[in-house]
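Could you put the whole structure together from the sequences, leaning on the hints where they help?
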Amino acid sequence: MTDTPAGNIAQATSPAGDIVGTRNRWYLGLLLVAAPVLLVCWLIIYPIIAAVVQTVWVPDADGVNRLSLESYRFFFSDGYSLANLWITLWTTLVCAILLLLICLPIALYLRFSEGRLPAYVQALAIFPMFVPSIILSYAFIRVLGPNGMLDILLNAAHLPKIRSPYLTPWGPVIGLVWDHIPLTVLILLSGLGNVSNQSIEAARDVGAGRLIVLWHIILPRIGNSVLVAASFAVLGIFSAFTIPYVLGPAAPEMMGPFMQRTFRELYDPTSAITQAVISFGFCIVFGLFYVYSVARNQRT
Amino acid sequence: MKRRAFMITAAGATAGMVLLPRMSFAVPGQIDWYTSSDQNILDFWTNVVKPKFEAANPGITINLVDGGDSAGLQAIADRAIAALGTSNDPQADFFEGFDSRLPVGALDKGLWVDFSKANLSNYSKINPLAFEIDPQRENLPYRGSQVLLAYDTTKLPAADAPKTWDDLVTWIKANPGQFIYNRPNKGGSGGNFVRRAVYAANGNDTKLFSIDTYTDEKAKELLDPAWAILNDLAPSLMDGGAYTSGNTQSIQLLGQGAVTMIPAWSDQAIQAISQGALPETTGLVQLTDVGFPGNFSRITVNSNGVNKDAALKLADFILSEEVQGAVLTELGGFPAVSWDHVPADLYEKYKDVIPASIPVFPGGPWEKAINENWYRAVAPNVDPAS
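Chains W and C are the protein sequences, given in the same order. Per the working numbering, the first sequence starts with residue 1, numbered consecutively. Per the working numbering, the second sequence starts with residue 1, numbered consecutively.
All clues stand as given, with none of them false.
Here are the simulated lysine-lysine pairs, BS3-like style, with alpha carbons at most 30 Å apart:
1. C:K117 <-> C:K50
2. C:K50 <-> C:K125
3. C:K163 <-> C:K220
4. C:K155 <-> W:K161
5. C:K220 <-> C:K368
6. W:K161 <-> C:K173
Worth flagging that the hints you see were computed from the coordinates, not collected in a lab.
Structure follows, in structure tokens:
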């Protein structure tokens with residue numbers, strides 16, 4: 001038994017059965033999904049397979065193609081490449097944690113408060129979605145960069161200057177978190193739609209405090225949304241390019257700028273594709289999380 | 001029922017076809033022009049070259065298109081190669097800031113016009129130095145730019161500005177945190193600063209480097225001492241060894257007063273000053289022992305464009321005294337023609353900042369070696385010996 005609207009509709013329509021007359025035309029459904037499936041195979045699945053093959057089936061000294069894991073061996077034995085992978089994982093993890101810490105309170109506030117103010121807060125939370133990341137990056141230099149607006153304000157208040165996060169690993173973290181707030185808030189907000197006011201009132205009636213309600217009533221219901229939000233954030237941040245490129249340090253660099261540089265400036269497609277396959281390997285773990293949680297959601 | 005479904009589908013498909021984007025064709029008399037350069041060059045063409053040329057040549061217009069970077073122009077040149085020998089329209093006539101050696105094989109297939117045989121009236125005026133640097137006759141040099149030092153004269157009086165590499169190193173170390181350059185692959189200002197360090201590490205001998213003599217061993221031998229110099233400088237740079245990711249970001253930091261001195265392209269710095277991105281008090285200085293490397297920017301014209309004749313007329317026009325003078329005054333670059341062909345008053349005004357020769361660092365494998373090894377040896381700010 002479920003109380004989601006989708007579940008109700010599914011149950012209401014299934015006894016009525018063949019309303020649209022699809023029972024004898026089973027192929028219609030397959031045809032409808034054929035176009036997107038073919039597109040996914042052509043534009044995503046095939047390039048993945050081609051990329052993996054290209055990195056392990058390489059010409060040797062005699063120009064004969066043979067199976068070799070040399071490019072992977074190089075990546076995992078090269079301190080510079082590993083440092084780049086490590087900073088990418090670190091940035092992704094820190095960003096995901098910060099995003100949940102920042103966005104969950106915003107989403108809770110938006111879900112449970114009424115009046116005009118939440119509308120403004122929501123507009124403010126969604127605003128980063130409409131700011132291109134290149135503009136965000138230069139604005140960041142103006143505000144948080146050395147002698148930026150923050151330094152001017154601190155100076156006006158007779159406080160010492162900060163060590164600017166610009167060109168340190170924290171630069172991309174701040175930029176990426178700001179950039180991903182809208183999506184995370186929206187996903188969490190939609191998850192909070194599953195939490196009925198009655199259940200919270202019922203818990204309050206038996207004397208549950210705010211934290212108890214959050215821990216025992218709200219969080220169990222939005223667990224899936226949190227997982228989805230985290231997966232989306234991780235997938236987006238892992239492959240981010242512009243913000244780490246402009247705001248991050250020269251080295252170590254995140255995988256996005258590293259791949260681009262290897263491909264376009266070092267003219268080394270095999271290494272670039274190897275880096276891409278390795279990034280893909282990490283991302284697919286979170287992709288599977290996402291698929292798993294969606295599938296689990298549909299079963300219940 | 002089935003028939004009606006078919007009709008609906010067919011009608012939908014037909015309606016869809018009508019909405020498909022139409023094929024576009026080159027317009028006769030409109031030069032399709034592409035650039036790989038920065039915004040300031042596009043502005044120069046929009047505000048100076050295009051109006052002058054169109055006024056002088058009624059019936060011809062220029063369609064200015066920003067091709068992004070060299071890779072963007074290569075994609076368009078690939079289209080022109082594909083159209084060679086067919087009646088297909090490449091929709092491209094003029095490439096600004098490009099090299100006829102690209103895409104690979106284009107020269108052999110005869111894609112590019114040989115300017116020495118194109119009867120350009122101004123061709124003989126080109127500074128011979130430009131052809132010493134790059135003898136390729138399918139490349140037409142039309143403007144030069146060089147990297148120099150831009151600095152804040154309120155913190156560093158012009159009289160004390162460094163004039164030689166050794167002075168510069170001394171100044172950077174005496175003023176920690178006041179200098180920054182960008183990553184060598186992300187823009188020529190930092191790239192040519194690094195190349196100047198390479199010269200310094202090899203006794204300022206610019207003759208040691210040429211594209212033909214490159215070997216991996218030689219690159220290691222010549223470049224490694226430069227990494228030692230740059231690593232030695234790193235702790236004295238902004239934030240103890242930070243590197244911006246482009247020419248513009250360095251200018252922004254100088255404009256915010258976060259640093260006192262940066263290497264900058266002459267044209268970008270002059271434009272930034274005139275637009276207020278850099279204050280009026282910004283000083284510019286070139287090193288006098290060996291300058292920072294620079295180069296001439298070149299144009300190419302494809303032989304199969306619909307407007308090839310108009311494009312060649314434009315190529316001739318940009319070598320005229322009028323445009324070459326504007327390269328000095330409006331763009332802050334320097335002319336590609338010999339100084340005899342620049343208005344005399346301009347020559348008097350600018351002769352001090354224009355070097356007699358511009359060191360040019362070879363590209364190709366050298367560029368790759370510098371980009372790759374700088375990232376591994378200098379960017380991490382780790383002492384290789386430790």
